[in-house]
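Participant: All chains should be built: construct the whole structure from the sequences, respecting the hints.
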Amino acid sequence: MKLSLKSLLFYGLVLAIVVVSVFPFYYAIITSFRSGTELFNPSALPGVIDFGNYLSIFKEQPFGTNIFNSIFVATVVVIISLVLAVTAAYALARIPFRGRGLLLMTILSVSMFPQVAILSGMFELIKAMGIYNSLPGLIVPNMVLTLPFTVWVLTTFMKELPKELEEAAIVDGASSLVIVRRVFLPLMWPALVTTGLLAFISAWNEFLFALTFTLSNEVRTVPVAIALMSGASKYELPWGNIMAASVVVTVPIVVLVLIFQRKIVAGLTAGAVKG
Amino acid sequence: MTPTDAAVHKTAPPTRAARTERSDLTSSRLRAAFLFLLPMMTVLGVVAGWPLVRTIWLGFTDANLVDLSVTEFIGIENYYAVYDGEAFGLLVDPEWWNAVWNTLWFSVISVSLETALGMAVALVLNLQFKGRGLVRAAVLVPWAIPTIVSAKMWSWMLHDQLGIINELLMGVGLIAEPIAWTANPDTAMWAVIMVDVWKTTPFMALLILAGLQMLPGDIYEAAKVDGVHPVKVFFKVTLPLIRPALVVAVVFRALDALRIFDLIYVLTSNSTTTMSMSVYARQQLVDFQEVGYGSAAATLLFLVIALITTLTLMAGKVNLSEDSK
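Each protein sequence line maps, in turn, to chains A and B. Heads up: the first sequence is residues 9 to 283, going by my numbering. Heads up: the second sequence is residues 364 to 688, going by my numbering.
All clues given are correct.
To spell it out: a stretch of chain B is covered by chain A in this simulated footprint if at least three of its residues, at any positions, have a beta carbon under 8 Å from a beta carbon of chain A; those stretches are: (1) 523-534; (2) 555-567; (3) 640-654.
Below 27 Å or equal to it, Euclidean Cα-Cα: the simulated BS3-like pairs (lysine-lysine) are: (4) A/14 - B/599; (5) B/587 - A/14; (6) A/14 - B/493.
Beta-carbon label-pair distances, calculated as ranges: (7) B/540 - A/244: 19 to 25 Å; (8) B/580 - A/139: 52 to 58 Å; (9) A/194 - B/413: 33 to 39 Å; (10) B/537 - A/194: 58 to 64 Å; (11) A/24 - B/413: 48 to 54 Å.
No wet-lab data here; the hints were simulated from the structure. Cβ atoms here follow ideal geometry from the backbone N, Cα and C, with glycine treated the same way.
Facilitator: What follows is the structure, given as structure tokens:
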């Protein structure tokens, strides 16, 4: 009797955790199917299914363009970061040199410093490069978020690979570039996918730079577009549209995260716990 | 030729030639390290180092967003200046100090709650039960949702007239009339903290869970055999063992909380009751176009975070040397 009460309490706790985690997103989905006066109904149960909001965000707003912008910026940023980070991580993880620890610490602190601290300097830089209010103008500042992170995580991954791997190749006279390409890259694929995915998510979610360095709706990324969505009047926010847009951009990320969940947890622990 | 063949060929007794070859090898590897690091360091210098230096410099000027080319050096006047016996500048600006206290209050409360709740969730997920995989997936959902989206989702649920939270609370009879959660000064900061806790507890829980899963099982077996109470086991065995991982997770979260911008900006916009240091600095920079003053605020925020990071790193080093004894 005591045991069953205990397990009842335990499953109650588990249920509470699941409900609290999932309910807000569930409610956003429910809301996204309501429009007009339906929005005055705060019921948590699904009712009429109306795709009006979804049609409206693509017809009345350049939300399709916003999605393209986000995908484009995040993809370019991830590719550049990974290319730069793989060779750098090899040097940091496998070649002992003086000042290596200090360099790693510097890279880690760049990933921890407040983005606001470079806002005015970055604004100046982007203006000088003539890329204000354009997609390249978003790629440059996003590198601050993704590059230190990818270098740090890939270095952690590379340190764990056995030393014998490259020793044979060194004795064989292979150059460092060949070692990276032939020996490490084939082993790094899983790590690259995980790190790339995490970097993609952080670029996808980036808000401060995207908000500050864009002016027109056509160059905005998804988070800024959602944050600035406004309705017919200043005081009435189009909640149905906002929820529809939120669902559109969140579902792919949630699906990706759930597919890669084990790898992501490994990547996060490499990025943080071993720091 | 396989690498092993090569290894066999080269295991001749070490001659002088072999030794010079080795030092050649070391220097060529060092050269490679330098070349490999150069592109990354250059990019990092351009996108992080240079803008940081410029921001600090702009903090000592009267720069204005209207025209950045006509800026003049004004020394520390953005920080502190006296005109006609009256003090001006960031250091005597009550709004800045308000933002500092808001940020510290937010960081301390939210990180503590996230750690406590994250620990609870991690302990649950560390047990064997039916449907654990499903629960773990569910816990990841808030982490996967973009911050802006979760801010919008919660402002909708917290809406004063149409929100489901007021509806529920009124339905149970906990409140008599709707509360404007994000607009009311008494509740606005709690609303921000709640959304942040909801969004970030999964991250904490997963990091702690990773630490828990590395613990050796036999300690727990022994404790069970000896009949030690589980609560005592938690405080005497589990907590000390996962402490290093926990400290790192807390430091990372705290540094992240100190620079909070997007959640507050979307949930309560520029309201002074919740304004963080980042929100304050950006408001000066962009909305008021005071690039000089805003840069000074950004520099101070940078200094605060740099100071905390250095102190933690030093504390971490001290701990490490203690452990190795």
